[in-house]
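Work out the full structure: start from the sequences and follow the hints.
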Amino acid sequence: MRHRLDIQIGPVAFRIGSAWKAPLDALGRLYAAYPAPADGICDFTVRLEPEKPWRRIFRPSVAIRGDYVLPDAAPMALAHGLLAAEMGMNLQMALGQKSWLLLHASTVEKGGRAMIMTGESGAGKSTLAALLGERGWRLMGDEFALLDMDSGQLLPFPRAISLKNGAIRVMEAKVDAARFGPRLEGTPKGEIRHMRPNDDSLARMGEGAMPALILFPRFGEAEAIRPVGAAESFMRFTQASTNYVNLGRRGFESLNRLIDACPALAIDYPDTESALALVDDFWGALAA
Amino acid sequence: MRGARLLVRALRDPDGVGDCDWAGLISAARAEQLMGSLAFRMEEQAVPARVAATFEAARRDAAQTRTQALWEAEMARRALAPLGVPVILMKGTAFHAANLDACVGRSVGDLDVMVPRRRLDEVEAALLRAGWEHVKDAQGYDDDYYRRWMHELPPLIHRTRDRMIDVHHTILPLTARPRPDAEALIAASIALENGLRILSPADIVIHASAHLFADGDLAGGLRNLWDIDRLLREFDSPEFRRTLLERARLHQLAPHVARALRLSNRLYATPIDRIFAGRFTLADRLFEARLLARNGWGQERRKALRFAFYLRSHWLRMPPLMLARHLWIKARR
Amino acid sequence: MAGPLYTTDPSGAIHALALDGLSVLFHAPSGMTHIVASPAPEILAALRQGPADATELLRRLGAHFDVEGDEAEGAIHARLDELEAAGLVSRAA
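Chains as they are written, first to last, in my numbering: chain A, 33 to 320; chain B, 102 to 434; chain C, 80 to 172.
Hints are computed from structural coordinates only; laboratory data are not their basis. Hints are not guaranteed to be accurate.
Unchecked claim - Derived Cβ-Cβ restraints for the label pairs, each shown as a range: (1) Ala147(B) / Ala92(C): 32 to 40 angstroms; (2) Pro108(C) / Arg218(B): 28 to 36 angstroms; (3) Glu285(A) / Ala116(C): 19 to 27 angstroms; (4) Ala116(C) / Glu217(A): 30 to 38 angstroms; (5) Gly82(C) / Asp116(B): 57 to 65 angstroms; (6) Pro279(B) / Pro130(C): 40 to 48 angstroms; (7) Ala107(C) / Ala409(B): 57 to 65 angstroms; (8) Ala226(B) / Glu223(A): 28 to 36 angstroms.
Claimed, not checked - Only some residues are given here: those of chain A computed to face chain C with a beta carbon under 7 angstroms: (9) Phe90; (10) Gly261; (11) Ala263; (12) Met267; (13) Arg281; (14) Asn288.
It should be emphasised that the depicted structure is a prediction, and the values quoted were computed from it without experimental measurement. Beta carbons: idealized from backbone N, C-alpha and C, even for Gly.
Structural data, given as structure tokens:
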């Protein structure tokens with residue numbers, strides 16, 4: 033591969049190869065503040081390759097490959113190369129990560145305890161997490177929560193947040209421009225802009241935290257809160273996990289411990305301000 | 102040393118690896134479905150901490166894979182037990198079920214079983230009743246092609262567990278030139294404690310050789326050859342060597358087995374019967390090159406060579422006229 | 080109408096959690112997790128006393144629970160079919 037970039041995110045080190053320079057330049061700028069993996073040893077390899085050899089130059093087309101691939105994945109335009117690299121890393125995590133119980137969830141931390149938020153795509157957990165990260169919480173991750181099955185801790189995976197459409201405007205108003213990637217238009221998911229977590233989040237990417245609260249947020253509904261039973265939480269978490277089915281008894285026991293240790297709430301919210309207020313209330317009550 | 106060559110070296114001599122391109126070794130192992138095997142081979146070696154953690158995760162994952170593979174076999178057993186049909190496990194699942202050395206770290210995809218040809222319809226019906234379904238794409242032409250000419254039913258997938266089962270009645274397509282003796286395979290099969298069966302040791306090696314050379318374009322060949330190395334080492338004895346030669350001739354697969362012996366010895370230093378195997382040939386070099394055609398990024402290289410093998414695999418499965426028709430119909434879809 | 084004899088794995092093979100009215104079961108032989116409602120856990124417990132057909136199972140369950148009416152037999156067969164499909168229960172040889 034002509035070009036190479038190594039990135040460490042939380043406990044995971046990626047080796048990213050590319051047939052084109054541009055995507056790795058963009059990735060390198062977005063991840064400039066992240067450490068490079070020690071010794072050049074990596075956990076996963078991502079490759080950005082031309083779909084066919086001539087597509088490296090003529091109507092460049094980026095196929096996302098690597099250690100783990102999705103066989104029928106559609107290739108992407110070179111202009112979206114940064115997005116392809118991000119998707120490639122996500123794919124390695126989703127298909128190949130077996131060291132920790134992997135949950136599609138956002139994680140934030142305050143005072144040494146963590147709150148984990150999970151729900152369907154578009155439920156707003158990424159944006160909520162991004163906002164909390166600017167409001168005194170440490171953002172541990174917006175897409176993947178890593179549960180250490182031995183210690184019960186949640187581990188940080190603070191990758192760049194993939195903001196979509198309206199959420200981009202919200203965060204641009206609050207956050208230093210230097211933390212953003214380029215604006216990407218016409219992607220399969222609409223307009224996307226990446227934003228990296230703040231310096232504190234990155235500096236502490238090796239620091240886990242015990243979970244204290246589980247949240248199932250749902251955006252776009254009238255404000256409501258209800259407690260969620262343990263069985264329902266269990267089921268929703270197994271659905272939110274790409275690797276639970278492969279982790280056997282260890283996964284079963286550690287998910288049980290997580291649910292046993294934390295109250296779980298479903299919150300519906302019409303806008304992010306009310307969500308943030310709800311969260312603060314509950315977190316305060318917990319700490320008391 | 103990089104890519105597939107490094108992988109072969111590490112499998113063969115784990116203590117000789119030293120400091121190497123770890124990311125490349127791991128990418129090659131994953132691409133060749135040999136990560137579990139590698140992780141177990143390297144278990145006693147001092148490696149960097151991150152690599153050790155990766156290998157540990159791979160060993161745990163291999164244990165899960167084994168559990169799942171044996172469970173699929175058990176569910177198939179439950180579905181087919183009332184029929185009183187001999188059900189012979191094959192490939193990775195067979196290694197796990199019989200605890201052969203070849204099962205260590207062995208990944209398993211589909212469940213492969215072999216049953217007598219005349220019982221195929223009953224077996225299919227029983228599996229459908231027990232929750233397996235036809236895979237959606239195997240319709241029309243491909244379905245006919247499967248039933249008439251291949252050595253198996255069209256693939257079935259279980260509706261809730263989402264795992265595939267391939268039911269064979271012999272070990273090569275009916276249109277291929279070697280004609281293995283399916284009844285002899287079944288007659289020599291060995292019963293396991295739970296009533297499922299595996300092929301006899303010689304037949305397992307013969308099947309692996311047939312599968313490696315006559316059935317495909319050598320994709321996944323390094324793993325296949327590693328299976329053969331592990332099997333040969335476990336079974337080796339003067340009597341086994343005699344039986345292997347006899348059975349290979351019976352199944353018209355002696356040249357394939359001989360080539361498997363030569364390549365296994367070449368890559369993995371397997372002790373082999375030199376008289377049966379014969380000398381390493383020019384064609385063997387092409388096979389070797391094809392097997393090693395993967396670089397330190399996990400990419401397959403040597404496209405022309407791979408395409409030649411792809412064509413070859415189809416040519417072996419069916420006579421030229423049928424091949425032309427098959428490829429033309431495929432192109433039209 | 081008794082039907083076939085059913086059996087289940089020994090007690091060490093299934094790890095159960097009772098979580099607000101439902102049972103979450105980890106089945107070690109398959110590595111799979113199942114979330115089930117009554118009377119599934121009770122049926123499994125009853126089968127651990129030894130293989131049984133539907134009639135015998137109803138009797139064993141009836142010793143501890145209120146199982147009555149014609150629906151009970153139909154329900155037991157339906158639950159056994161589900162448990163068999165999930166691999167938690169199988170037919171004794």
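Consistency of the hints with the structure:
1. Ala147(B) / Ala92(C): 32 to 40 angstroms: 38 angstroms, holds
2. Pro108(C) / Arg218(B): 28 to 36 angstroms: 31 angstroms, holds
3. Glu285(A) / Ala116(C): 19 to 27 angstroms: This hint holds: roughly 22 angstroms between Cβ atoms.
4. Ala116(C) / Glu217(A): 30 to 38 angstroms: Check failed, 49 angstroms falls outside 30 to 38 angstroms.
5. Gly82(C) / Asp116(B): 57 to 65 angstroms: This hint holds: roughly 59 angstroms between Cβ atoms.
6. Pro279(B) / Pro130(C): 40 to 48 angstroms: With Cβ atoms ~47 angstroms apart, the hint holds.
7. Ala107(C) / Ala409(B): 57 to 65 angstroms: 47 angstroms, violated
8. Ala226(B) / Glu223(A): 28 to 36 angstroms: 53 angstroms, violated
9. Phe90: 48 angstroms, violated
10. Gly261: 4 angstroms, holds
11. Ala263: 4 angstroms, holds
12. Met267: 6 angstroms, holds
13. Arg281: Status holds, d = 6 angstroms.
14. Asn288: 6 angstroms, holds
Violated hints, in rising order: 4, 7, 8 and 9; the structure is consistent with all others.
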